[in-house]
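Novice: In case you want the letters, here they are:
Number of protein chains: 6
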Amino acid sequence: MSTILPPQNPEDNKRIKAIFEDIRATRGSNFINNLWRYLAFDINLLETTWRDVKTIMARPSNLDPMTKELIYTAVSIANSCEYCIHSHTAAARSKGMNDAQYAEFLAIVSLAGRTNHLLNGIKVPIDPEFKHENKA
Amino acid sequence: MSTILPPQNPEDNKRIKAIFEDIRATRGSNFINNLWRYLAFDINLLETTWRDVKTIMARPSNLDPMTKELIYTAVSIANSCEYCIHSHTAAARSKGMNDAQYAEFLAIVSLAGRTNHLLNGIKVPIDPEFKHENKA
Amino acid sequence: MSTILPPQNPEDNKRIKAIFEDIRATRGSNFINNLWRYLAFDINLLETTWRDVKTIMARPSNLDPMTKELIYTAVSIANSCEYCIHSHTAAARSKGMNDAQYAEFLAIVSLAGRTNHLLNGIKVPIDPEFKHENKA
Amino acid sequence: MSTILPPQNPEDNKRIKAIFEDIRATRGSNFINNLWRYLAFDINLLETTWRDVKTIMARPSNLDPMTKELIYTAVSIANSCEYCIHSHTAAARSKGMNDAQYAEFLAIVSLAGRTNHLLNGIKVPIDPEFKHENKA
Amino acid sequence: MSTILPPQNPEDNKRIKAIFEDIRATRGSNFINNLWRYLAFDINLLETTWRDVKTIMARPSNLDPMTKELIYTAVSIANSCEYCIHSHTAAARSKGMNDAQYAEFLAIVSLAGRTNHLLNGIKVPIDPEFKHENKA
Amino acid sequence: MSTILPPQNPEDNKRIKAIFEDIRATRGSNFINNLWRYLAFDINLLETTWRDVKTIMARPSNLDPMTKELIYTAVSIANSCEYCIHSHTAAARSKGMNDAQYAEFLAIVSLAGRTNHLLNGIKVPIDPEFKHENKA
Numbered sequence: 043m044s045t046i047l048p049p050q051n052p053e054d055n056k057r058i059k060a061i062f063e064d065i066r067a068t069r070g071s072n073f074i075n076n077l078w079r080y081l082a083f084d085i086n087l088l089e090t091t092w093r094d095v096k097t098i099m100a101r102p103s104n105l106d107p108m109t110k111e112l113i114y115t116a117v118s119i120a121n122s123c124e125y126c127i128h129s130h131t132a133a134a135r136s137k138g139m140n141d142a143q144y145a146e147f148l149a150i151v152s153l154a155g156r157t158n159h160l161l162n163g164i165k166v167p168i169d170p171e172f173k174h175e176n177k178a
Numbered sequence: 043m044s045t046i047l048p049p050q051n052p053e054d055n056k057r058i059k060a061i062f063e064d065i066r067a068t069r070g071s072n073f074i075n076n077l078w079r080y081l082a083f084d085i086n087l088l089e090t091t092w093r094d095v096k097t098i099m100a101r102p103s104n105l106d107p108m109t110k111e112l113i114y115t116a117v118s119i120a121n122s123c124e125y126c127i128h129s130h131t132a133a134a135r136s137k138g139m140n141d142a143q144y145a146e147f148l149a150i151v152s153l154a155g156r157t158n159h160l161l162n163g164i165k166v167p168i169d170p171e172f173k174h175e176n177k178a
Numbered sequence: 043m044s045t046i047l048p049p050q051n052p053e054d055n056k057r058i059k060a061i062f063e064d065i066r067a068t069r070g071s072n073f074i075n076n077l078w079r080y081l082a083f084d085i086n087l088l089e090t091t092w093r094d095v096k097t098i099m100a101r102p103s104n105l106d107p108m109t110k111e112l113i114y115t116a117v118s119i120a121n122s123c124e125y126c127i128h129s130h131t132a133a134a135r136s137k138g139m140n141d142a143q144y145a146e147f148l149a150i151v152s153l154a155g156r157t158n159h160l161l162n163g164i165k166v167p168i169d170p171e172f173k174h175e176n177k178a
Numbered sequence: 043m044s045t046i047l048p049p050q051n052p053e054d055n056k057r058i059k060a061i062f063e064d065i066r067a068t069r070g071s072n073f074i075n076n077l078w079r080y081l082a083f084d085i086n087l088l089e090t091t092w093r094d095v096k097t098i099m100a101r102p103s104n105l106d107p108m109t110k111e112l113i114y115t116a117v118s119i120a121n122s123c124e125y126c127i128h129s130h131t132a133a134a135r136s137k138g139m140n141d142a143q144y145a146e147f148l149a150i151v152s153l154a155g156r157t158n159h160l161l162n163g164i165k166v167p168i169d170p171e172f173k174h175e176n177k178a
Numbered sequence: 043m044s045t046i047l048p049p050q051n052p053e054d055n056k057r058i059k060a061i062f063e064d065i066r067a068t069r070g071s072n073f074i075n076n077l078w079r080y081l082a083f084d085i086n087l088l089e090t091t092w093r094d095v096k097t098i099m100a101r102p103s104n105l106d107p108m109t110k111e112l113i114y115t116a117v118s119i120a121n122s123c124e125y126c127i128h129s130h131t132a133a134a135r136s137k138g139m140n141d142a143q144y145a146e147f148l149a150i151v152s153l154a155g156r157t158n159h160l161l162n163g164i165k166v167p168i169d170p171e172f173k174h175e176n177k178a
Numbered sequence: 043m044s045t046i047l048p049p050q051n052p053e054d055n056k057r058i059k060a061i062f063e064d065i066r067a068t069r070g071s072n073f074i075n076n077l078w079r080y081l082a083f084d085i086n087l088l089e090t091t092w093r094d095v096k097t098i099m100a101r102p103s104n105l106d107p108m109t110k111e112l113i114y115t116a117v118s119i120a121n122s123c124e125y126c127i128h129s130h131t132a133a134a135r136s137k138g139m140n141d142a143q144y145a146e147f148l149a150i151v152s153l154a155g156r157t158n159h160l161l162n163g164i165k166v167p168i169d170p171e172f173k174h175e176n177k178a
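Chains as they are written, first to last, in my numbering: chain H, 43 to 178; chain S, 43 to 178; chain R, 43 to 178; chain D, 43 to 178; chain W, 43 to 178; chain X, 43 to 178.
Hint data in this document are derived by calculation from the structure and do not stem from the laboratory.
Where hints are given, some of them may not hold.
Since copy identity is lost for identical chains, a pair holds within one copy or between any two.
Taking lysine to any residue and the SDA-like style, the derived pairs with C-alpha atoms no more than 20 Å apart in a straight line are [to be verified]:
{"no.": "1", "residue 1": "137", "residue 2": "106"}
{"no.": "2", "residue 1": "165", "residue 2": "85"}
{"no.": "3", "residue 1": "56", "residue 2": "174"}
{"no.": "4", "residue 1": "96", "residue 2": "85"}
{"no.": "5", "residue 1": "137", "residue 2": "108"}
{"no.": "6", "residue 1": "56", "residue 2": "173"}
{"no.": "7", "residue 1": "96", "residue 2": "79"}
{"no.": "8", "residue 1": "56", "residue 2": "90"}
{"no.": "9", "residue 1": "137", "residue 2": "103"}
Working from the sequences, and respecting the hints, build out all of it.
Specialist: The structure is reproduced here in structure tokens:
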């Protein structure tokens, strides 16, 4: 159950059609996932969200594509966003993640969950050695 | 302010000393950060936590060391664990992360924060195309 | 799947019946949503929860009813409470929210999600100019 | 303690200077808060973040300015982002929020925190009456 | 830095004085912690919050007092509420928690953090055997 | 929908079979819940997770078994982990929790959710009286 209804024939609207075509061209795929079909209920929300995703995820980068998807999935797990977990786990796989890497990823994410709770419970003081300014 | 007091001379205890020496050997550094100094208030908690961190973060892996630290930091940001953010951002730097990569990392983490909230608000249905089982 | 079973004929119990009638009278509607039907498994939990919701959401207020529902929904999205998201998004609509306002609301909530992650990642120091005491 | 160092004389850089001037003009104030001073460590991150904040928070809108800040603050509280809480509580005050409104806002945010936990604990099934599609 | 100023002489106000006296009598201590001193900026917020805390934490109960504080602290750690972590860890100690119990508590909380992330990542289907209805 | 496929006949693998038998022996039950069936996709992840759960939840302890499950469930609710909520609520029941205790547990968890949001919103300064060091 969703809080909005996606428009029935979104590409009858020229601005929506232009964005959907940009999504297809950027990704080299005809598939438009539900995120974009639902956001089409408001053209501004669709445009600004796609602009951001395209800028950050599809541009030339100093991080490799699979790493970027793993970072995205890690945040989505911690925030309990079911849609994002599925879409970015699938994206990581499509960018080369194998089962052994996924198992390691899950081990790191859950270890972080463990020590995050441990340290938030104890409130260990931060070591001055971690300070970036000291090393510049 | 912390909820526990770290023991004054932890390495007077043989089991603690053995763990601290293993930390130093594993990391190739004399530095023992506060996490371990505070956990030393309970030897079981210290041992099981270090065992896990060593197993997952220091073993031969299919993910490169910087990527592992970025995943760890991403979860820690989403969970708002200040100590973990500082220690693992510092670790990512020590494993090669430069400022451009850090800026990209932050852009991805905050984009995930954005779409996590957007999709949790709308509850967009999950595309069957994301299903792993369909592709095996 | 829920962790409790709602009682079958809750209004056979006089105290439950009185609360359900107060809910109907306060809201001017015969509809009793599942939250109250499930909480009826424990009369104290039902009474204290309804007392709070009534006091805070139904009293004369310095905030307009739609704004109150938007604040409620914003917190529920950040906490990933699916029931609360649906019930309070519906309540905001019943208090006048149109699609354009909902789209703006989602844009703000997701922008907050973005900068929350960005600033929790960097730990930017708080400007003294934000201090309320300085302005009194 | 922050994970990055803000540049010393950011406005020596023409692109940064242009953004800072746009912030001043948009807000009608000479004050540049630390968020922007720190983000200036990476010009792309600064530009894309400001573009979003300006588009969403400063444009003509169907929600009044104080309501927008309350929504922003509500999410920031739930995400435990200390900087965002202070900056947007201060912004809500500068847009007219008085102490009585702030107390009501806090009552709603904390009531949401209460029922979010209650309903996430019980997993009450969502009433079909909340479905938007049923009402269109 | 706080978002509000506590009133200077709160007990000059009769309603505030009555609540502070009830806090002292209920707890058998003269100490009024900052939570109540700050909430006194709004008498309604103070009254409704204290009413709830008193009802739930101080009434005769089927759970022992230390267990109640451990549950409270566990939630506060997961929500990263620094004040609540300190106040309820201290309360658990005052109700008998020793260091060994605290270490076990931290081990459980952090194990939960670990498996919460693991299961939210994988989205393991819920076993029908967990269903309460099946066992009644 | 899950992100991985559980192996079809997991106990054909000797290491998996040994772990499943240890789970059965430790719990005195033939039932292996889905968590373990899914984790079996990666033998290391299965082994390290079970080792931790067994060590922490099944060892002789200074906290009673029901209390341990309540702490686990409290964290799981705050983190919105649906599987964990169901499995540990069921475990608390199997260790003796009755409906009145469950209602009280929910009242405490949701009260914590309430004051966590209230105090994270106001950022009340922490009383020095809470400091453990002052009392040792």
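Novice: Of the numbered hints stated previously, which ones are contradicted by the structure, given in increasing order?
Specialist: 3 and 6
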